[in-house]
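> Chain residues, written in single-letter form:
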Amino acid sequence: MNNILSVKSLTKTYGHQIGCNDISFDLHEGEVIGVVGESGSGKSTLLSCLAGRLKVDKGSIKFKSRTDVKEELTEITEVRRRYLSRTDWAFVHQNPRDGLRMDISAGGNITERLMALGQRNYSSLRSKALNWLSKVEISTERIDDNPTTFSGGMQQRLQIARNLITEPRLIFMDEPTGGLDVSVQAKLLDLLRKIVIGLNLSVIIVTHDLGVVRLLADRLIVMKSGEVVETGLTDQVLDDPQHEYTQLLVSSVLQF
Amino acid sequence: MIVIKNVSKEFRLHHQGGSKINVIKNCNLEIKKGECVALTGSSGSGKSTLIRMIYGNYLYNSGQISIDGEILSFKTPRKTIELRRSKIGYVSQFLRVIPRVKTIDTVLEPLLLNKIGYKKGIIKVKKMLKELNINQNLWELSPSTFSGGEQQRVNIARGFIFDYPVLLLDEPTASLDNKNRDVVLSLIKKTKKKNTAILGIFHDQEIRKEICDREIDVSLMK
Numbered sequence: 001m002n003n004i005l006s007v008k009s010l011t012k013t014y015g016h017q018i019g020c021n022d023i024s025f026d027l028h029e030g031e032v033i034g035v036v037g038e039s040g041s042g043k044s045t046l047l048s049c050l051a052g053r054l055k056v057d058k059g060s061i062k063f064k065s066r067t068d069v070k071e072e073l074t075e076i077t078e079v080r081r082r083y084l085s086r087t088d089w090a091f092v093h094q095n096p097r098d099g100l101r102m103d104i105s106a107g108g109n110i111t112e113r114l115m116a117l118g119q120r121n122y123s124s125l126r127s128k129a130l131n132w133l134s135k136v137e138i139s140t141e142r143i144d145d146n147p148t149t150f151s152g153g154m155q156q157r158l159q160i161a162r163n164l165i166t167e168p169r170l171i172f173m174d175e176p177t178g179g180l181d182v183s184v185q186a187k188l189l190d191l192l193r194k195i196v197i198g199l200n201l202s203v204i205i206v207t208h209d210l211g212v213v214r215l216l217a218d219r220l221i222v223m224k225s226g227e228v229v230e231t232g233l234t235d236q237v238l239d240d241p242q243h244e245y246t247q248l249l250v251s252s253v254l255q256f
Numbered sequence: 257m258i259v260i261k262n263v264s265k266e267f268r269l270h271h272q273g274g275s276k277i278n279v280i281k282n283c284n285l286e287i288k289k290g291e292c293v294a295l296t297g298s299s300g301s302g303k304s305t306l307i308r309m310i311y312g313n314y315l316y317n318s319g320q321i322s323i324d325g326e327i328l329s330f331k332t333p334r335k336t337i338e339l340r341r342s343k344i345g346y347v348s349q350f351l352r353v354i355p356r357v358k359t360i361d362t363v364l365e366p367l368l369l370n371k372i373g374y375k376k377g378i379i380k381v382k383k384m385l386k387e388l389n390i391n392q393n394l395w396e397l398s399p400s401t402f403s404g405g406e407q408q409r410v411n412i413a414r415g416f417i418f419d420y421p422v423l424l425l426d427e428p429t430a431s432l433d434n435k436n437r438d439v440v441l442s443l444i445k446k447t448k449k450k451n452t453a454i455l456g457i458f459h460d461q462e463i464r465k466e467i468c469d470r471e472i473d474v475s476l477m478k
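Chains Y and H are the protein sequences, given in the same order.
The opening residue of the first sequence carries number 1 in this note's numbering; numbering runs sequentially from there.
The opening residue of the second sequence carries number 257 in this note's numbering; numbering runs sequentially from there.
Quick caveat, the hints were computed from the structure, so don't treat them as lab data.
Facing chain H, from chain Y, some residues (calculated, C-beta under 8 Å):
{"no.": "1", "residue": "LYS187"}
{"no.": "2", "residue": "LEU215"}
{"no.": "3", "residue": "ARG219"}
{"no.": "4", "residue": "ASP235"}
{"no.": "5", "residue": "GLN236"}
{"no.": "6", "residue": "GLU244"}
Source: prediction; values computed, not measured.
Quick reminder that beta carbons are idealized off the backbone N, C-alpha and C, glycines included.
Model the full structure from these sequences, guided by the hints.
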């Protein structure tokens with residue numbers, strides 16, 4: 001069993017409104033799962049529940065820690081959750097402004113998680129920041145500039161560097177390429193692909209861009225109205241969709 | 257090596273009046289090591305569909321497909337990924353390019369996934385690209401801007417670079433000139449000698465005569 005995450009019957013409602021209903025799946029170490037579906041299908045709710053940003057109504061989420069202990073995420077303390085979210089997990093937001101501190105320099109943004117873990121050696125922090133800036137293809141000269149002076153694509157790459165510096169094992173991504181123009185998207189995707197394969201990361205990526213999942217995800221979960229309607233190997237689901245909704249989704253993509 | 261038992265496939269198009277298209281019914285087929293089998297039949301008879309089912313790209317509605325004794329099923333996607341990595345090579349009609357990834361890395365990927373070291377791998381890749389007449393100044397570029405024939409040869413290089421026990425070929429010579437077609441034919445012959453089970457679609461009858469041990473008409477599988 002090398003599941004880093006096992007989700008069973010996860011349910012979340014907002015009053016009468018269903019967020020996500022009875023979701024179950026496993027994520028292996030080193031595996032990338034894509035979650036697709038239209039707006040309001042519950043994909044972001046699912047992601048927030050998994051990352052402990054929303055309280056779950058029902059169900060279980062088991063996470064395998066670095067010491068091979070299975071932790072029930074619906075029952076851990078807030079202190080533990082904050083620790084995990086600074087170390088073992090990363091959350092890449094659609095809007096980089098939600099994941100960055102806009103009034104702190106790029107270098108400060110990248111090293112914040114390390115400082116929160118007690119690292120204080122300035123020169124070592126700075127060299128790590130420089131290293132990550134070049135990894136995400138941002139000119140190292142920009143280390144002292146605030147992210148407000150960065151383009152959207154650069155901000156998104158900075159957010160990724162900031163998140164990955166503690167070598168997290170589980171990454172949650174919410175529309176990481178949303179709102180970026182296509183050439184920047186391609187650059188970001190290539191970068192994500194290299195990092196994910198190189199570091200053997202486990203990733204849950206929520207998106208409505210089928211091209212993104214085809215490139216990054218091993219397996220796919222298709223959601224509609226809070227429920228999972230289809231799962232499977234990414235290219236099988238995209239090339240031979242079975243469910244009515246998946247067929248609609250796939251056939252709605254513009255060909256060019 | 258490839259065993260297909262009573263496999264049927266229908267497409268259900270929910271958004272076109274729920275119409276059902278029966279493509280393949282009760283297909284039984286076995287391809288042994290070192291054998292090269294051609295699929296024939298008119299366009300739309302289900303040749304590519306059958307190949308894609310064996311690659312796990314399309315699922316089948318009933319029956320069973322197994323590769324080297326392991327069952328290929330849509331219910332076990334991780335096993336399909338594993339089978340693709342280690343056992344099934346596939347040359348599709350078109351190359352699916354990953355933006356920004358160099359030609360040389362595109363071809364190297366199957367070797368790295370199979371734990372063949374970078375140094376050893378890159379020598380093999382260069383030899384293969386040379387053999388397929390891909391100009392050396394293209395190696396460091398992404399194939400996205402290449403011509404159809406060049407892309408197809410990159411695709412072929414990727415399929416033949418690792419010694420998969422099973423090789424699926426969907427019109428590998430369709431967009432190639434005669435010189436390159438002959439290179440591909442000699443690659444197929446070499447691969448056959450390594451005991452690979454090959455299943456392919458070749459429109460050219462001469463090619464079939466030259467390399468295939470038998471032909472199977474897919475339009476009879478109804």
